[in-house]
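Chains A, B, C and D are the protein sequences, given in the same order.
Note that the numbering used here has the first sequence beginning at 5, numbered continuously upward.
Note that the numbering used here has the second sequence beginning at 5, numbered continuously upward.
Note that the numbering used here has the third sequence beginning at 17, numbered continuously upward.
Note that the numbering used here has the fourth sequence beginning at 17, numbered continuously upward.
Since the hints were derived computationally from the structure, they do not count as laboratory data.
The structure presented is a predicted model; accordingly, all values stated were derived computationally and were not measured.
Possibly wrong hints are sitting among the right ones.
Stated by the list, open to error - Listed next, the stretches of chain A that the computed footprint assigns to chain D, with coverage defined by at least 3 CB atoms under 8 Å from CB atoms of chain D: (1) 47 to 56; (2) 68 to 78; (3) 85 to 95; (4) 110 to 122; (5) 232 to 241; (6) 326 to 335.
Built from N, CA and C at the ideal position, the CB exists for glycine as well.
Each chain is listed here by its residues.
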Amino acid sequence: MSETITLNHTTTLTAKDFASDQEVRWCPGCGDYSILKQVQTVLPELGIPREKFAFVSGIGCSSRFPYYMETYGLHSIHGRATAIASGLKMTRPDLSVWVISGDGDALSIGANHTLQLIRRNLDVQLLVFNNQIYGLTKGQYSPTSEEGKITKSTPVGSIDHPFNPCALVLGADATFVARSLDRDPKHLQMVLKRAALHRGTSFVEIYQNCNIFNDGAFFIFTEKETKFQKGIYVEHGKPMLFDNGKKGVKLDGTKPVVVDMADTSVNDLWIHDEKDVIKANILTRMFDDPKDTDLPRPFGVFYVTERPCYEDVMKQQIQDAIDQKGKGDIVKLINSGDTWVIA
Amino acid sequence: MSETITLNHTTTLTAKDFASDQEVRWCPGCGDYSILKQVQTVLPELGIPREKFAFVSGIGCSSRFPYYMETYGLHSIHGRATAIASGLKMTRPDLSVWVISGDGDALSIGANHTLQLIRRNLDVQLLVFNNQIYGLTKGQYSPTSEEGKITKSTPVGSIDHPFNPCALVLGADATFVARSLDRDPKHLQMVLKRAALHRGTSFVEIYQNCNIFNDGAFFIFTEKETKFQKGIYVEHGKPMLFDNGKKGVKLDGTKPVVVDMADTSVNDLWIHDEKDVIKANILTRMFDDPKDTDLPRPFGVFYVTERPCYEDVMKQQIQDAIDQKGKGDIVKLINSGDTWVIA
Amino acid sequence: MAKPVVLKDEVTIRFAGDSGDGMQLTGTEFTNASALLGNDLSTFPDYPAEIRAPQGTVAGVSGFQIHFGSTEVDTPGDICNVLVAMNAAALKANLRYLEVGGLIIANSDGFDEKNLRLAKMDKNPLEDGSLDKYNVIKIDITKIARNALQDSGLSTKEADRSKNMFVLGLLMWLYSRPLESAIRNLEAKFAKKPEILQANLRLLRAGYDYGETTELFTTRYDVKQAPTMEKGKYRNIMGNQALAYGFIAASELAGLPLYLGSYPITPASDILHELSKHKAYNVHTFQAEDEIAAICAAIGASFGGALAITTSSGPGIALKGEAIGLATMLELPIVIVNIQRGGPSTGLPTKTEQADLLQAMYGRNGECPVVVICTRQPNDCFDVAIEASRIAIEHMVPVMLLSDGYIANGAEPWLIPDITKYKKINPNFLTEPNGQNGKLLPYKRDDRFVRPWVLPGTKGLEHRIGGLEKQHETGNVSYDPENHEFMVKMRQAKVDKVADYIPLQEIEQGPESGELVVVGWGSTFGCIRTAIRELNNQGYSIAQIHLRYLNPFPKNLGEILKKYQKVLVPEINNGQLVKIIRDKFLVDAIPFNKIQGLPFNVVEMKAKILEVLGK
Amino acid sequence: MAKPVVLKDEVTIRFAGDSGDGMQLTGTEFTNASALLGNDLSTFPDYPAEIRAPQGTVAGVSGFQIHFGSTEVDTPGDICNVLVAMNAAALKANLRYLEVGGLIIANSDGFDEKNLRLAKMDKNPLEDGSLDKYNVIKIDITKIARNALQDSGLSTKEADRSKNMFVLGLLMWLYSRPLESAIRNLEAKFAKKPEILQANLRLLRAGYDYGETTELFTTRYDVKQAPTMEKGKYRNIMGNQALAYGFIAASELAGLPLYLGSYPITPASDILHELSKHKAYNVHTFQAEDEIAAICAAIGASFGGALAITTSSGPGIALKGEAIGLATMLELPIVIVNIQRGGPSTGLPTKTEQADLLQAMYGRNGECPVVVICTRQPNDCFDVAIEASRIAIEHMVPVMLLSDGYIANGAEPWLIPDITKYKKINPNFLTEPNGQNGKLLPYKRDDRFVRPWVLPGTKGLEHRIGGLEKQHETGNVSYDPENHEFMVKMRQAKVDKVADYIPLQEIEQGPESGELVVVGWGSTFGCIRTAIRELNNQGYSIAQIHLRYLNPFPKNLGEILKKYQKVLVPEINNGQLVKIIRDKFLVDAIPFNKIQGLPFNVVEMKAKILEVLGK
Ligand SMILES: Cc1ncc(C[n+]2csc(CCOP(=O)(O)OP(=O)(O)O)c2C)c(N)n1
Ligand SMILES: Cc1ncc(C[n+]2csc(CCOP(=O)(O)OP(=O)(O)O)c2C)c(N)n1
Ligand code: SF4
Ligand code: SF4
Ligand SMILES: [Mg+2]
Ligand SMILES: [Mg+2]
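Make a model of the complete structure from these sequences and hints.
Shown next, in the form of structure tokens:
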């Protein structure tokens, strides 16, 4: 979909090669199935040997993901996958490290590690399966649930103002920010590929349907009837058109407004520039309740920039030290400083 | 300084009434002294009885602050002051709750609680003393230290890209975002008053000099020679002028640019609008190394908006329940459901 | 012609089906009806680990066991007399719990080829004779349900979903339970869905009538009211629900708002769910971002004067260690509830275990004693919650309350207590200076070594507290060596002193001295009690002690233990209480451990006791 | 005419001054010179709690004690012979450590009115006769320094900052130490600031000459090389530095990169600081956002094949509990270092304590055994770090290494070991399938119950591990009850099995059986050793055992303990090891506790031993 993708077909792996022998145990109909499938579809195209992949997850329905991947995997503890992945990537930059997390795992208990990973910009793909609910613990509201959400722990409605995940990570200087959906396989594949190819932490929010505890949370964006009116699929360098070209978004100063293409020239539209952080900010803030706004919810890659990866600099510092002082010699080290001999 | 401030002089307290009998134990010359003084100066002007103030802190040099205040205080554990303050404020909305934290306390170990407090928008003043270093543990770099910082734990320079605290909290939908400095008492007092009067979480970043481990980190913004060239003091509704009116900032689309007032009309300048979140975002992103940019670093109140406070809605939900069902009666509760009698 | 009714003393039934088969509801309604008849009873749900494991698989089986009787019933039963199996996987997973000669009621439609494959069974056990030692009744319940609801306007899927009501009706008939309570509850449950309600009611009656009319059943049974039960008004209660009620009661007894800071985790979440329903009781529930924030918010609320609690399970409690230390240092009241589950790490989240006792005792840095108490069964939880709150508030100390998944999800009849008979809880509030010259001494202790609770907002008593070591009385930061030792010992003495305010240990049953005492804690109560009762009825003379207070121990515990030649300590862990007892009393207590995510059963308990007795 | 030199066996000097007075440097250089002379020695810095407490106050006093001798020296000394007091506060805070008749060298300028007021002293102790029982030498060091540096171009402030060098020079003269090493180090330190260097050197010599020329001193002393010291090459080493070196050595012995995930905390930060200097050794240091991230990153690094360690102190270790559980379940190697400090909660962060042993043993949810070992003194740390790493790697198990603030900051001569004599550490790497039909069994155990370490990147061995209970051998998630019990016991057995790979417990000194054995662990070693040596020299016959391995214990420990009538367990806590020993061996071990943020001293240790002996 995007012209910047250049894939490296050196292996002949297929999606099936990435399916482990473990029975998949999500609820029938869960959006996680599709995400699993798209990841398995994309990986063979990356030209990376299978044994070089490591999937790290926390706890949650989404976090069972690694069990189903025929790669190296670590199903860890709640909220800490990003921290574990950081240590792994620092010592093993040769691996392609993917973190699988949920809205609770990544943005509630694990929010700190998520944001610190993002500012440090390790080359890790961070996929957050956002179902706006705690699935595994059977249906409490999450930090992305809308205000007033009625759940087991909030029988008269939640009070918390939800996080806007893409805006949040932009605030932490993310170098790659994207949003996609479980129910749009092609789009999701495109975003996953872009994420994989980006050097740095790729933050991908994936709207995921939890048909048991929060069914239909995103139907307005995923179902045919409303999908193209309520969502906009942004592409770098392309004008912001939606509703099958019938509508567009233009910028009035810093304010996005919906225009009817019947009486607007495409040239006046906002051209998506994924390198512009302020515009990315405006994009991520197109986030009002879809019922209250005519501004569409954007999907696609919102922002990409380059910044050194933590593990590269770490490695460089080690190499520099070796270049300057020679490879460490423990005998020298312990014999350093003032010494004396007792004979 | 700002016309929205209306103070309520019902008490006759003075700054001295807010000084406790404990010896102040910061290093001589530490910027914390000034902040303490400005807080003690501002509190009597708020018209709140002294016993209604509660100061909660974590751990760090900055976090010793409550000991020096003749108010209620809780010096807690590292990073958790925001969480403790949340519970306090939920059950005691009658109190004026202030959190005192450091850049490590609030943005490293405590970053998650900080951001969750901010999205929940409890009516708490959150003052982060940013000295870009870990003071109490004697000088390691912090999450706000500049890249390449040489400290005890990073002898060849830190690797981490620092947080931009104001941008970070804006990403979490903060309702009040401001920045001030230890060395500008008047400005700091103004910002503190504005913070106190705001209903919701008031995030105030205060540049603070740690003269022992990070001396002069902000001198470029605090010392006469450069202060007015490198900093800009923004006020709502006022054009963005600096360098004693010799320079200004205007917006080129979404891009701020410095202009020479010799050949620019004030009318073309960016007028600071503290209600505009996108502009606030642009403001907070004026954050490059002052040596590398001619864009000044902004100080003042960047953003203010209204959103319900968590504790108010919580209280309302309890009141609604009482209104609907009557005040809870434990006898009824335990006798509810199917019962039977064994005689 | 009515079929003959045979009286039984006690019966255990296990309902088992796919997660979607509604076995929990079936079991619950059967329980309600039995309770209303005055049976003593005990139940245990056995959930699958997954939310919705693939239908038809063993991993997806959901079970519910009820043990009811006209005699004393202390456990949900080791072995069941009746097994309801809605599909092949349910049979496979549960057959081991059925007594030889027991009754299997099988939904034959659940044993079709697909189901057999999903259950990984080669042959149909209903057909291949492998169940010959049981009494098998096959009914195509699915078909019956679909037929019965043909004209109801419901889809096949919806019809299938009601088939559990047929099972319920049938069992109600078989054990002579009236349908009224079930009907009432269904009416409430489906008030807004009249077609579903009608379908459910129709199948309920169909099941009942089926028992009466088919030839499959020749006898009915009945279990009469249990005369051993104390007189009074009863209701059913689940462990976590009873804890929630207990905390509400405690907040009323103390005259304080209730504050819960929590983060969801199995099997503790239901306390949060339950409390969040009762806002009208001035209950504040806060779902925090994690367990650390949860307890810290509770500490803040406690500082502000609320009855503050935090609820979690093992991994979450591990995260709270540092903050528990802070509460210990601040000397503020807080109750920390741990609904234990299988560990270590994420372990077996849906299974029960008692392996967090040592964490409760020692899981913090420094000398950091807290009070530890536990509950033994669902209908004990209400009182234990009140007791934990009382100790926390009156002694200004963190209290760790231990329950477990078995208690949390189990249900029992509960003799509804008379709240007016409960002692008020007295917070140690201070509103005037307590030192000389009008000085406040926030760490001045009374004769229980308890400091006052000084609430923010109290004029003239402004003061600061914190996690650094504090000077005796003034509470100021102090690095003085002797003061530190004094304060460490004082905090320990304060916890030890609680022993003066709790009941002496009683012997549950058996002799006051002798060959063997079995010492338990927590959810092993019912099983140990039944085992010893049965053995003593056979002529043995074994004593039972069951601890509620784990730190401090009741003052007379050591004395009691020394009166027996042997001390056996059964635990659902690898030996934890036994360590503390051995250390404290230097008695050669013998551990008896089961670490299978399951409670002990009576058979193995009796066997072990006999082994220790050398029989 | 040279002054007479008197030989001494051992001397203890305490340097005390304001935080800014440079007493740590003074002490360190005196130590270096003494070490070079071949003295046995032990030092202890006594930092103030604040970064820079207000100048002149008692809270701001910084002390450094050195005990050096021609005999065996095991502690920094209870009582000092010489006290250097740079101001009134320093005298006030430290006088209690000086022997009666001891020498006070006081900077009289530090006793002016302002200093007296800041120290909260009414009268000048140098003048009012209150120091009559000591030998007081007053020198206006400030004035001498200013005079000496008048023409140096330095400001008064800078001049004042060098006055510690005068003290150093004077003491060097007094105890006949050569100045060379100090000069060399000053030259290195101030290489880029020649004027400061010159000032320092000038004052150093001035102090030395002052001793020689003034009438104040009539005698000099000397302490000769300690013949008890093993032959070889020595250097001074501090505890945390030695740990850092040990881990680097371990990573080399194992052929693995070293990874440290840490978050700063007193008194552990110096390990992070030290390791971060040695990147050329393939050392990766990561300052994480908190302790949880620190250990989690280390777990990630361990998964990837590094020697992974995490370092912290009590409150940080409390936060790591949940993740330690994960590592236990994953069965990956990791070393968790706890430099213990005064607790509970924030407690006394700059003081020492041994109160985290039970947290190390039990501070996690579920049955979660880890190996626990400890270090006894700074020059023991190197080996203990290697040993911890060896056990972690070879047994695929988390190892908790306990040190404390006293060891961390203390310095001692260290006989530099011959690295080539150390056994290689052998990671249990697997690169080929280990099951039938080319299957990988990541949890298949060898005869030590150890599973293989399978590194990501190994072709064909892709597999998943996690915190849920795992099936024996396959490592797949398993909810099977018997498997859970098996795995819990297996993890315990694996830890217990380590006992086969560690040395048997030795008796440090004293008889192999008898009336009393004193059992210690950690930093109490030197004090217990000195106390028992002195008592046994007086004719007593007391045994000393000092534990390095706390879990599992050496296999013969129980046996040894039973050979003594009494067991005394001294600890800098409220009784922790004593609990474990009582539980394990049912011996009536007697606790001896000090909880003052300070080490035991020899006098109180001897007194307690005599008391236990009934003397
Ligand atoms: C320390 C800890 N706290 C709480 C839990 C319980 N828990 C498991 S998953 C989860 C949240 C799941 O929500 P999310 O991350 O959104 O994942 P989902 O199940 O929705 O995919 C919680 C609270 C836990 N396992 N560990
Ligand atoms: C759980 C825990 N981890 C670490 C520490 C050690 N510690 C104390 S303060 C601090 C950081 C201080 O930095 P900052 O928050 O910026 O405050 P400052 O001292 O600079 O004001 C650290 C790491 C601690 N006390 N508790
Ligand atoms: S509970 Fe929801 S998120 Fe979890 S597996 Fe089921 S459908 Fe998916
Ligand atoms: S170390 Fe720095 S921040 Fe801390 S008190 Fe000293 S000057 Fe202030
Ligand atoms: Mg979710
Ligand atoms: Mg700081």
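> When the hints from earlier in the document are held up against this structure, which numbers fail?
Replying inline: Hint check: 5 fails alone, others pass.
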